[in-house]
Structure formats: structure tokens, C-alpha cells
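A.B. asks: What follows is the residue order along each chain.
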Amino acid sequence: GNSVTQMEGPVTLSEEAFLTINCTYTATGYPSLFWYVQYPGEGLQLLLKATKADDKGSNKGFEATYRKETTSFHLEKGSVQVSDSAVYFCALSDRYSNYQLIWGAGTKLIIKP
Amino acid sequence: GAGVSQSPRYKVAKRGQDVALRCDPISGHVSLFWYQQALGQGPEFLTYFQNEAQLDKSGLPSDRFFAERPEGSVSTLKIQRTQQEDSAVYLCASSLGTGETQYFGPGTRLLVL
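Chains as they are written, first to last, in this note's numbering: chain A, 1 to 113; chain B, 1 to 113.
Warning: the hint list may mix true and false statements.
To be verified - Heads up, simulated SDA-like pairs for lysine to any residue below, C-alpha to C-alpha not over 25 Å straight-line:
1) Lys49(A) with Tyr103(B)
2) Lys49(A) with Gly3(B)
3) Lys112(A) with Leu111(B)
4) Lys60(A) with Lys78(B)
5) Lys77(A) with Thr101(B)
6) Lys108(A) with Tyr10(B)
7) Lys11(B) with Gln81(A)
8) Lys78(B) with Asn98(A)
9) Lys57(B) with Leu21(B)
10) Lys52(A) with Thr98(B)
11) Lys108(A) with Val11(A)
12) Lys108(A) with Lys57(B)
13) Lys56(A) with Thr70(A)
14) Lys14(B) with Gln50(B)
Unchecked claim - A few chain A residues that don't get close to chain B, going by computed Cβ distances all over 12 Å:
15) Gly9
16) Glu15
17) Ala27
18) Ser32
19) Ala53
20) Asp54
21) Thr65
22) Glu76
23) Ser79
24) Asn98
25) Gln100
26) Lys108
27) Pro113
Since the hints were derived computationally from the structure, they do not count as laboratory data. Idealized CB from N, CA, C, for every residue including glycine.
Whole structure, please, built from the sequences with the hints as guidance.
C.D. replies: Pasting the structure below:
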């Protein structure tokens, strides 16, 4: 079945550092890929998505590229801020499973000033 | 417009009690999903509605779990005879249509003592 694996946290960085959070997936079809973010005390918010191979999703300075050949969707940001501290979830969905979201375990990101 | 709302936000139940969790989706959203999120984990799919029809309930962990959406809008997740392992955050998400972006509510945190 479909699955998502993302790097374990917590990831601790200094402000303005470069961020990469790895995400790889297993899927039988051609899924859509997502990054959701959960800020402290808040609900899950869609950060970015990509629906087909080589698509790049971007939002708030974050980017991720759908790589079919490596089945990956790594999240990157060039210069993180303290306000980026949150838990980041990688997820996929496809029509074979009624578009339910299949989630990674989440990566907690801590940015120190 | 308003986002997805859930009530109650917190619920403490004694083992063996029945609980009912409510979800108000975004107005006009056809699809509605329920997920369960254990502490420190990614969400896991429970069930999916398209309008009032429950099209997938494969994620419900036992027959103590029951969900309904009788008029194709508000949905209720009911857990009978709660057990300690039911303690989790229950998330509701809605989307405009099949395969569209899912928008999440704040969740209901259930603690079973």
C-alpha cells in the first residue's frame, strides 16, 4: 500500500540557516504530494502541494519538487526564521484510495534566534 | 468565510462512556474526512463522506466507531464504550470536491481516563 517516510526530528537550526526536510513515498499510482504545517496550538495548514512529476510547489519561501525517479518530495527553505518553528508533515493522496491523505510521522522544526 | 470548525475542542471521558464529536465543514464542501492523530504521530484516516454518502469507512478501528453526515453538511463521529487507546486528537477535513485540497479543523482532543 501507499506510505510516506520523512526524516525524524526534532531538527534544530539557527535563524537564517538553510532547511531541508526529507520525504520519500511509496505509491502504486501517480499520487499528489503535500506538505502541511502545524504551528503550536493551531490546526494543520496546507503549506504547498504538487500534483505531477517535476512540479514544484512553493509558498512562504518554502519549496518542494515532485521527483518521480527518486520518489521524493523534500522540503527546502533558503533562510529560516524563528516563526517557522512548527511540525511539518509530508502526505500523499491518490484516486485509488478515495483521496484520503496518507501521512508521514511529522518532523518538528525548532529555529533558535 | 469560516473554516472548518469542530466541537468540543477538548473532551475528557471515563472509560466506557459514549462520546460524540462534531464537525462543521466549509459551506459547500462536498467531501468530508475524519482522521485520528495519536500523540507524536501523523494523522491516520478513519472515514470519508461524499455529500451524505459514506464511501469509505475502512479506517475505523472497531465497530465502536460510527460516523454520519445525514444532510451532507455537519458530520458526527461517535465512539461507544470508550477505551484508553481511543485517546487522541480527532481531525475533520473538508474539500470542495473529489481530489481537491483538504482543509482541516482545529481538532478535538479526546482523553479517556
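A.B. asks: So, for every hint listed, does it hold in this structure?
C.D. replies: The hints, checked one at a time:
1. Between Lys49(A) and Tyr103(B), the direct Cα distance comes to roughly 13 Å. Compliance with the 25 Å bound is thereby established for this hinted pair.
2. Proximity of Lys49(A) to Gly3(B) is assessed by CA-CA distance (about 20 Å); at most 25 Å being required, the pair is judged to hold.
3. For the proposed pair Lys112(A) and Leu111(B), the alpha carbon gap of about 32 Å is over 25 Å, so the pair is violated.
4. Proposed proximity of Lys60(A) and Lys78(B) is contradicted: the alpha carbons are some 38 Å apart, above 25 Å.
5. For the proposed pair Lys77(A) and Thr101(B), the alpha carbon gap of about 22 Å is at most 25 Å, so the pair holds.
6. With a C-alpha separation of about 23 Å, the suggested pair Lys108(A) and Tyr10(B) falls inside the 25 Å cut-off, and the hint holds.
7. Of the pairs offered as hints, the one joining Lys11(B) and Gln81(A) is violated, with about 34 Å between alpha carbons and a cut-off of 25 Å exceeded.
8. Among the hinted pairs, Lys78(B) with Asn98(A) is consistent with the structure: their alpha-carbon atoms are about 22 Å apart, no more than 25 Å.
9. Annotation: proposed proximity of Lys57(B) to Leu21(B) holds, straight-line Cα distance about 16 Å (limit 25 Å).
10. Under the criterion of a C-alpha separation no larger than 25 Å, the hint pairing Lys52(A) with Thr98(B) is consistent with the structure, at around 17 Å.
11. Pair hint Lys108(A) plus Val11(A) holds up; C-alpha atoms about 6 Å apart against a cutoff of 25 Å.
12. Taking the CA atoms of Lys108(A) and Lys57(B), the gap is about 30 Å. The hint is violated against a cut of 25 Å.
13. Taking the CA atoms of Lys56(A) and Thr70(A), the gap is near 15 Å; set against the 25 Å cutoff, the hint holds.
14. For the given pair, Lys14(B) sits about 33 Å from Gln50(B) by alpha-carbon distance, which is inconsistent with the 25 Å threshold.
15. Distance check for Gly9(A) against chain B: the nearest CB is about 10 Å away, which does not clear 12 Å, and the non-interface claim fails.
16. For Glu15(A), the requirement that its beta carbon stay farther than 12 Å from each beta carbon of chain B is met, with the minimum near 26 Å.
17. Residue-level check passed: Ala27(A) sits 15 Å from the nearest beta carbon of chain B, beyond 12 Å.
18. With a least CB separation of 8 Å from chain B, Ser32(A) falls inside the 12 Å interface cut-off, contrary to its annotation.
19. Remark: the non-interface label on Ala53(A) is consistent with the geometry, its nearest Cβ contact in chain B lying 17 Å away (cut-off 12 Å).
20. Listed as a non-interface residue, Asp54(A) keeps its Cβ farther than 12 Å from every Cβ of chain B; the least gap is roughly 20 Å.
21. The non-interface label for Thr65(A) is consistent with chain B: the shortest C-beta to C-beta separation is roughly 19 Å, beyond 12 Å.
22. For Glu76(A), the shortest C-beta to C-beta distance to chain B comes to about 20 Å, beyond the 12 Å cut-off, and the non-interface label holds.
23. A cut-off of 12 Å between C-beta atoms confirms that Ser79(A) is not in contact with chain B; the least separation is 27 Å.
24. At roughly 5 Å, the least C-beta separation between Asn98(A) and chain B is not larger than 12 Å, which violates its mark as non-interface.
25. With a closest Cβ-Cβ approach of about 4 Å to chain B, Gln100(A) is found to fall inside the 12 Å limit, against its non-interface label.
26. Consistency note on Lys108(A): stated as away from chain B, yet its beta-carbon is not over 12 Å from all of that chain's, at 9 Å minimum.
27. With a least beta-carbon separation of about 26 Å from chain B, Pro113(A) lies farther than 12 Å from that chain, consistent with its non-interface assignment.
Comparing the model with each earlier hint shows violations of hints 3, 4, 7, 12, 14, 15, 18, 24, 25 and 26; every other hint is respected.
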